[in-house]
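> As a plain string of letters, each chain reads:
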Amino acid sequence: MLRILIAKPGLDGHDRGAKFIARSLRDQGYEVIYTGIRQTPEAIAQTAIQEDVDFVGLSLLSGAHKELFPRVVDLLKEAGGEDIIVFGGGIIPEEDIPFLKQRGVASVFGPGTTTKQIVEFLESSRSRD
Amino acid sequence: MDLFEDIRRGRIRAVARAVSLIENVKPEAEPLVDRLYPHTGRSLVVGITGSPRAGKSTLVDRLITLERSRGGKVAVIAVDPSSPFSGGAILGDRLRMQTHATDPNVFIRSMASRGFLGGVSATTGDVIKVLDAAGYGTIFIETIGVGQTEVKIVELSDIVVLVLMPETGDEIQVMKAGVMEIGDIFVINKKDLPGADRLHAELEYALSFSNSAGREKGSEEGPAHPIEMTAAVHDHGVGRLHETLHAYAREITASGKLERKRRFRLERELLGALNRKVHELMDTHIEVSRQLPAWVDSLYRREARPYALINEQIQIFLKGEHA
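For the protein sequence lines, the chains are A and R, in the order given.
Reminder that position 85 of the first sequence reads as 85 in the working numbering, one-by-one numbering, no gaps.
Each number in the working numbering corresponds to the 1-based position in the second sequence with 1000 added.
The following block holds chain R by itself, in its conformation from the complex (with noise of 0.2 Å):
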């Protein structure tokens, strides 16, 4: 079977199969993605991040069927962590979004972190251009619930939702650096426990501090952060947090905050590869992590300096001159 029309041609197998090559780094991701990529930059990309438990998955769930009553394709990729000790993973986010299992419209995929930081898996973005070229019109990317480091998602995202929770020190989390700059809109999810007020009112504080401050820079002023409150077991408030979503779209789409995103995510990937393929050159032509014991003992016995060490090895490789 041809991977690339199949996957153009939406069928579900390939599009399966073309993520497992990329998650898998087998040669053949590369070219197929390049193939891909002129057929790439339909697709709204929302991430949706926030602490464990916040409610993320059933969120999505609710999200996908708003999204499929307007009839469009949606994808959705579900990060969660790899074991530090075994390497396996329990997968278990599409738990709560089994109802749409059989609809064909909808593309589930569930993918460990294998030890990648940042909330999502390293080839989460190479995943995106597949699911894109295929014809979801929404992809939702979930990360995992870690509550801090979740910054590559946006990186990958044209919107982050930034799911929150009562009772569960939130209310903390929202003064720290770092996570407010993540959303673009904040829910506040099970929006019925007690303590669901409170946090309203400090989130808004606190956003009131970030939106001001980011008009005295008059850089990137963006639309307000919309805050949305959720009970999504209960199907309440997540209607008004779909329009909202459609509604951010519409308004940096046209004043220029999604282009600029979108050129910031491609400056970010193109970094990212190529960080990693000139790494791979280097450990291939100087046999780094061979060689990497003895550089190690050097510098301990005091006999090597660490610059004068690593120059002369980038000389070797510059020269072609394989170890």
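Bound conformation, chain A alone (with noise of 0.2 Å):
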């Protein structure tokens, strides 16, 4: 069984967008941990590590992923969670992307992506069974 951890870092308080993702992900049988708004980077990884989880998928809507993305990736690295991949979605501009791919985010999701490409994703760089 996959564990996904849904997480918003920063102060931005859109969670429509994380929300939907959880239940989209819920549908297609995963376990997804919803934590709210808000999020500092040290709690979401040190939420990633007790509840095990196999994806951190991260929201923001708030322009500071540049920073916050990777601190959760080296954050989780420290904890001793290098295996656990972290991907990201949100309003994420383009030119961000490669930057954010060599800091460790696995993969980035814009507006308008389907449920269907992010499960593609799950499936493809799945660690365990």
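There may be inaccurate statements among the hints.
[To be verified] Calculated from the model, a selection of chain R residues having no Cβ within reach of chain A, i.e. all distances over 12 Å:
1. ALA1224
2. GLY1237
3. GLY1320
[What the hints assert, rightly or not] 25 Å max Cα-Cα, derived DMTMM-like pairs, lysine to aspartate or glutamate:
4. R:LYS1026 / R:GLU1287
5. R:LYS1026 / A:GLU42
6. A:LYS77 / R:ASP1103
7. A:LYS19 / A:GLU120
8. R:LYS1026 / R:GLU1269
9. R:LYS1026 / A:ASP83
10. R:LYS1073 / A:GLU42
11. R:LYS1277 / A:GLU42
12. A:LYS77 / R:ASP1006
13. R:LYS1073 / R:GLU1259
14. R:LYS1073 / R:ASP1103
15. R:LYS1073 / A:GLU78
16. A:LYS77 / R:ASP1002
17. A:LYS101 / A:GLU123
18. R:LYS1277 / R:ASP1034
19. A:LYS77 / A:GLU123
20. R:LYS1026 / R:GLU1280
21. A:LYS77 / R:GLU1280
Bear in mind the hints are in silico, worked out from the structure with no lab data behind them.
A virtual CB, placed ideally from N, CA and C, is assigned to each residue, including glycine.
Relying on the hints, combine the two individually framed chains into one complex.
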């Protein structure tokens, strides 16, 4: 059973996208841990470790993704969770994506992404059965 | 890494991994639980149950804070239902406990029920053992909010806290058999809502019956059931509840009731595991799942008789002749 943490770092309170993804993934048969808005990277990393998730999906609309997404990746590594795969979504400018990928974010999904695309990403990158 | 050693050292990553092994019924889980077992029995296991939206998660959040002020390590297992359609789940209880996310002495784990009835999941008992052996002095188990069927929590906890709230028909629930027997301590949360005092009165009335009935039988007289009124979001009354919880724990330790409860817990767990394993054995040896359609067919056509068929299969199983 795949476990996925859907988390919202940063200060924006727009959680419609995150909640939509959480529900879609539940309907696809995944266990989704949802922790609500305004989570610090530290809280997200610790939650991911305690919940032993396979993936962390970060949703951000405030523009702080270049700072916060890589921070979560680094904190996970520090806590021994280097095998946990981080992906992102929200309003992310196209030109920022190479930087995020270089910093360890496996994939970035923009507005209009279908559930199918996310499921394909999860299933092709999952490491355990 | 040696999972056992790391769990005993309280390493969070190891504890989290072990919980997953148990949840996913991996072959490594059984020997690990057996190895940890001699190091268990030290935690106070508190079940938190009650109707949906009664405020269980918020209450647990406040209880964690109070427990931490006493210095102990705290663990929480928060169970949410799996979707019967997709098998997936949204586990959102810890949303209300995230202030503790970065406290290294608090471990919170969300679990999906995965089709198991009774308000918890089938593997919760073994997960408790891991947390116990990892040194968490207090373990809270928050059940699914269902209302009437969280009976399993009684088989897992030292103390069950039943959380009710006004204005939701809980007044009627308290009169029903089954619900009252679950709780050791009763909490009326959201006490600032209208109807809280009436719920309190009805609860007291209902409890006076169950208390006196227990005494007439002369069995399990135990301490009276405390009723606490709280408004967890405003942090009202939770300190008192916390004190009551520990006073209750001391009382049942002294009276021997805790030992009886723990022996009962072992009995239930043992029977549960035995049933499950015998079932698995039968399934591998006489391939119940594969043969079931043929059995149903012959029964439907009245060509076979139910007990003759079952006893014949059991004989095959006992002789070790594989079908």
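> All hints are to be evaluated individually against the structure, with a verdict given for each.
Here's how the hints hold up against the structure:
no., hint, result
1, ALA1224, "37 Å, holds"
2, GLY1237, "25 Å, holds"
3, GLY1320, "31 Å, holds"
4, R:LYS1026 / R:GLU1287, "21 Å, holds"
5, R:LYS1026 / A:GLU42, "30 Å, violated"
6, A:LYS77 / R:ASP1103, "18 Å, holds"
7, A:LYS19 / A:GLU120, "19 Å, holds"
8, R:LYS1026 / R:GLU1269, "18 Å, holds"
9, R:LYS1026 / A:ASP83, "19 Å, holds"
10, R:LYS1073 / A:GLU42, "19 Å, holds"
11, R:LYS1277 / A:GLU42, "41 Å, violated"
12, A:LYS77 / R:ASP1006, "18 Å, holds"
13, R:LYS1073 / R:GLU1259, "23 Å, holds"
14, R:LYS1073 / R:ASP1103, "10 Å, holds"
15, R:LYS1073 / A:GLU78, "22 Å, holds"
16, A:LYS77 / R:ASP1002, "19 Å, holds"
17, A:LYS101 / A:GLU123, "19 Å, holds"
18, R:LYS1277 / R:ASP1034, "16 Å, holds"
19, A:LYS77 / A:GLU123, "22 Å, holds"
20, R:LYS1026 / R:GLU1280, "14 Å, holds"
21, A:LYS77 / R:GLU1280, "39 Å, violated"
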